[in-house]
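With the hints as extra help, turn the sequences into a complete structure.
Chains as they are written, first to last, in my numbering: chain F, 85 to 315; chain W, 95 to 849; chain B, 5 to 188; chain R, 141 to 495.
Misleading hints may appear alongside valid ones.
Subject to a maximum C-alpha distance of 27 Å in a straight line, what follows is the list of computed DSSO-like cross-link-like pairs (lysine-lysine) [unchecked claim]:
(1) W:325 with W:343
(2) R:207 with W:497
(3) W:499 with B:96
(4) B:169 with W:499
(5) W:548 with B:108
(6) R:211 with W:497
(7) W:499 with R:207
(8) W:336 with R:375
(9) B:109 with W:499
(10) W:546 with B:169
(11) B:109 with W:536
(12) W:560 with B:108
(13) R:380 with W:336
(14) W:499 with B:108
(15) W:503 with W:548
Think of the hints as simulated: they come from the structure by calculation, not from any bench.
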Amino acid sequence: MSEYKTLSWQGLWKNNPALVQLLGLCPLLAVTGSFINGLGLGLATTAVLIGSNTTVSLVRNLVPAEIRIPIFVMVIAAFVTIIQLLMNAYTFTLYQALGIFIPLIVTNCAIIGRAEAYASKNPVKFAAFDGLMMGVGFTLVLVTLGGLREILGSGTLFSGAEFLFGDWAKQLTLTLYVTEHKFLLAILPPGAFIGMGLLIALKNVLDKRLEQLNKQPAKVVQRARITAESS
Amino acid sequence: MQSLIDKIRQGRFFDFPGGVHPPGRKTLSNQDVIGKCTLPEHLYLTVKQHIGAPGQLQVKVGDEVLKGQALTRSTNPFALPVHAPTSGKVTAIAPHVSAHPSGLAELSVEITPDGRDKWIDLTPIPDYQQLPKTRIIEAICDAGIAGMGGAGFPTHIKVSPKKDVEFLVINGAECEPYITADDRLMREHAWQIRQGIDVLCHLLNPGHVLIAIEDNKPEAIQAMQVACQEKPDYIICPIPTKYPAGGEKQLIQVLTGREVPHGRLPIDVGIIMQNVGTCFAVADVIFTGKPLIQRVVTLTGEAMTKPCNVWALLGTPICHLLKHAGYEKAQQGVQRLIMGGPMMGFSLASEQIPVVKSTNCILAPTQQEMTLPEEEQACIRCSACADACPVNLLPQQMYWHSKAKELDKAQDYNLFDCIECGACAYVCPSQIPLVHYYRVAKAQIRQQEEEKQKADKARDRFEARKQRLEEEKAERELKHQQAAEARREAMHKQGDDPKSKVAAALARARKQQTSDETTAAPETADKVAAAIARAKARKAAVQQGDSAPSDTADTAAEDKQAKVAAAVARAKARKAATQQGHAAPSDTADTAAEDKQAKVAAAVARAKARKAAVQQGDAAPSDTADTAAEDKQAKEATASKSKTTKQVKPKDKVSTQVTAADTPVKPAPADDREEQKRQRVAAAIAKAKQQKAQKDRQQASSTADMPAEKVAQPLVEVDEQKKQRVAAAIAKAKARKAKLDMQSSADNQQDKTDE
Amino acid sequence: MSLLYALLAIGLLALLFGLILGYAAVRFKVESDPLVEQIDAILPQTQCGQCGYPGCRPYAEAIANGDEINKCPPGGESTIRQLADLMGLEAKPLDDAHGSNDVKKVAFIREDECIGCTKCIQACPVDAIVGASKQMHTVISEECTGCDLCVDPCPVDCIDMVPVKVTASSWRWQLDAIPVKTID
Amino acid sequence: MSLRIASSPHQRSQRSTAELMRLVCYCALPGFALQCWFFGWGSLLQFLIAAVVALGTEALILELRKKDFEKALSDCSALLTALLLAICLPPLTPWWITAIGAFFAIGIAKQLYGGLGSNLFNPAMVAYVTLLVSFPVAMTSWLPPQHLAEHPYNLVDALSVIFTGFTGEGYSLTQLRSDADGFTMATPLDAVKTDLSLGLTLEEATSKGQFNNGLGIGWFWINLAYLAGGLVLLKLRAIKWQIPVSMLGTILLVAGIMHLSAPDLFASPWFHLLSGGTMLGAFFIATDPVSASTTDRGRLLFGAGIGLLVVVIRTWGGYPDAIAFAVVLMNMAVPLIDYYTRPRTYGHQRQRGKP
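Quick look at the structure:
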């Protein structure tokens, strides 16, 4: 159980792929113009992560170390293709909105990173859970950033939810304010960078607080004797 | 080439980049002739006043010295002597605060003048042109002449170059604001300076002599022109006034357009530079024989009521000069004194700092004329510093890196080419003390390099040691192997004769013991014991507080207890020995040889040792003296053993108090056998004693010894500190006592043994 | 059919790249691990053991294998910074558990108290103590790294760690630390 | 009483950072005054808003960073940033846009980078670019010069428009911008750009009302005023000549060549030099010491780069004026420029590969 707990903590916060490892920044910054876009990409990435982690873990003992990376890439590519086709079939508008970033999940370092660093060394159940948590962590950052940018840039939230969830979700769209002068910067790429920077800063601040809260009592390390004392 | 000299003759000079124009304020002090100063009460001559090595002291406290007498001797090429500036008595040779930015104390000779001002016999060499050059250079060296411009480089090294000298540059630029010492010197002693230049020319044989004077000193220029009239190859160069035109490298650039390559000396571009003050001093030496004992010092600043130039004896404390110039601290607000000019001088930490060979100015500014440094603000990268830098550095980059301690990057920006002229900090609008950052960074880099070297050396030594230890170990192992082989061989020869084995074992034991004895010869052993006891006492004193041995009654009781315990131990050991059949410890089993006697002996010894150790451990605070007593007992025992054995040869088992070791001795057939055994027993006892003593030391304090019974009574009342001291004393006494006791109680012991 | 071609092409490419990679792996093999040497060169070589390893080199090896870089009190901040640069890590403050970066010290033996036991000689990692059995010992302060390993073994406690005295040449422009004499 | 210990040099020139900043402010005043004269009170109000927000932000963030903000505020750098920003903003920009700009300039572009001296980009220009990108309409709503305007406005109107969006008489900003024919009056640069893109020749484009002999009315004088202020700065050695000279020279050269090659398609170099923020940029913005190059050769390169970018962006870019973009882009190149233009230190020979 504690392993699951550690994995959750690592994936969601401590070793968050987006905020700490800074992996997969390209899709992260590119598609987080709105909450739903972020959510869509996040879910897709999560699905790929779980699938690839599970598969990699399953075959981990069969794969020769020398060619593991190409094999991982093949596995990931396969899952990405599956996801891509699924999205093409069921959430076509979103698929179009996300565009190239769906196929680009293949190159998302977060995925191959987890496959290499974790899944290839651990049993299936942990690997799958790790994929889930990393994916959720990534998704959380995506939706937070997407939500922030959407609120600042267009004054709405959850707009386009119908693309992901179907027509019923149209009513989910919240309009927070209407203005003649929209804050375009938030929607534009610089806004993504600035927002991302601020999120990372926020995380660091929180981490510092946490650290101060549970400060470890000072330990003293035994000094090694270099040379023997005389007998 | 010719065109260059033509250009110089026409007064067309080059320029160096950057530079600043701080207000000169030279008229403050250059109005009057150079004055004379009265003798101070004491003179402090720092032994090392130049770049290089200090000279070797020639005088001792109490010596009478004459004016001009050498106080130190030059022992290597980079050492310069210092001379007594007046006649008097050497009253101290001790560290005195020195003319260094750090204000650290350095070895100085304190002279109390006798007021007679009596010269030593002088030997001028006016016929220097007939003498060999080495003779002149020697005279210059013996006169202690170092560059008087500020750096203090030994002049005799500078005037004996290995290369041809194209230009001899005489530096009279004096670009620092406020300072007028060279200015006045040129105005008043141009003739003698010229004579000094003649001497230098004789030594260096330069192509041309350039006398560089900033054009804000027209009188000095004129005076020098007059003095050099008959020397057509002496060219007076009135160079434009700009700080730091007087810097060696900058002056070379201004005059010749040449640059001294990084890490090289001016002589590498065919130039030698000497300060006018140095020329004057050289002339002094050659024509009057006077060594360097005084120099012109500018006393200036608005806090001086009578700013002036003065001939100051080396070693004169600053406060004496300040008095001369009418220094009024009330005018200053915040007091500060600067040695050197306002751009490169350093602030003084004490008024007792003496004048040294490179002291050209004492500056006491008021707050209005030099505002106090404000708090440093953020650098706005205005690059005013880069524009002011005379060597084309990027001061702000160096500042960033120095501040961030990125020393390698700072070096990458040529930090070490900085001449610390202060132009950058002068212009900085953010009040950043840039030069200070560079100095700190330079010092850090030097320190790091030093540490790196030291670390490399330490690594080498560590590895060498490791290797040595390994070799030693291998050697030892080899020896052991050989010994083992030898033994095996012997065994083969003697078959399964148990005696030989025993003999070998005994021989080993004996060897060990003798070696023990040699290392711990009785006297040394006592000393060592005393020392160890002392140390323990100290340690105990530190740890004291919770341990209760200050209680005398307790001590006494424990002492007794310890004795009892020892007795019990002995008894038990004896018992063990007698009952060895069933009570033999398991570990004896493996050593159990065929030889019963040997087995018995070993078992007894071991058992006793263990028992004793355990017992003594229980009887907690038994002490070293006790140990000594036991030791003595043991010795006594062994000593009397032969007697005992003789006396009680057909002894019954229980009747005697003889040490346990005696028991197995009983059936011993031969004398030498007995001897061996005795030794083994003694060894065992010694071992036991040692173990016990160790345990004692760990838990008990030294107060719990026999003499403590007498002394410890007052301990209960006295405070902790006293207790500790007493404890230490006791510990020391204890060892002595133990020795005495050993002898005095010999009879007693004998009785006991006999009992 | 086209599927077959695609598979064939991919397979051939995989084979080709595999061969190149395999060749490169043999051809450009790195013989030794120079990282340890580099780290060792940065460490101050006091051999004090405060890092918990018996000597600087073992610690260097430990760092190369991923141990923390902030365990060397004698090296202090500058060593940590250099290590961080070398290892591509972030510099962090010295770990207090290993002691603090004190002023530089050297051992000094109070010679009249020395009993000549040679224990300190055996404890000194750099052979900076000279002396023989029953002769008094002395420290070659030039060689002493200030590790204070000799202090504990001394049975008579006659070894002191003395701060290295600042001289004019080793002075580092600590202007604010200059004691200023008061004038009246 | 004890002796004061300090590091040399003990003497210092008396110019301080605050003085330098104030000097720059003063020298910008004539141009700013002219701007107010031509385009109304709005600019002054913008300055006040920007100054209040900028100083407030600076104080707030310094407080958060636990630094002494009184001292930092007194160096006038925030004030200068506010002034430069206000100069760049259209006079009747809604107040909150100005506030966002000022906050962005100080909070993001300056303090997040470490405060005065550590910012990589010119804060005022970063803020301007941010606003321009975020609110393109509001940021290009320049009024016609007052004497050409259909509805000249007074101080109260300005206040009202800035804070509510309408004058007291109910005119909106768009109406204020319209000329007699109901067409909005763009800035000369904007107009030229639009017209050229519509296929008109330069001559046709510049024949409109806000042009006078091919140069924009008002802008011409304003630029001259900034030029004068800049010359004073040069004279007082507050800035160095390299950046303005190389920047204006490059504009002249590049625009000149282009104009000569196709007079109908490319505006004349004089038009480039004397419209928009060219002079302001050359003397007041590009010379910001913190974000500009610090070596002499570097400054020449830096200025030339800005000049080139200005012409290029004005001609082919999507926004009418280009000073801000050019400056920010070149700011980015400063560390590189500085590294490769290090001066040769005394006694060092120039080595190949290592300048």
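Violations among the numbered hints:
The structure conflicts with no hint, since it agrees with every one listed earlier.
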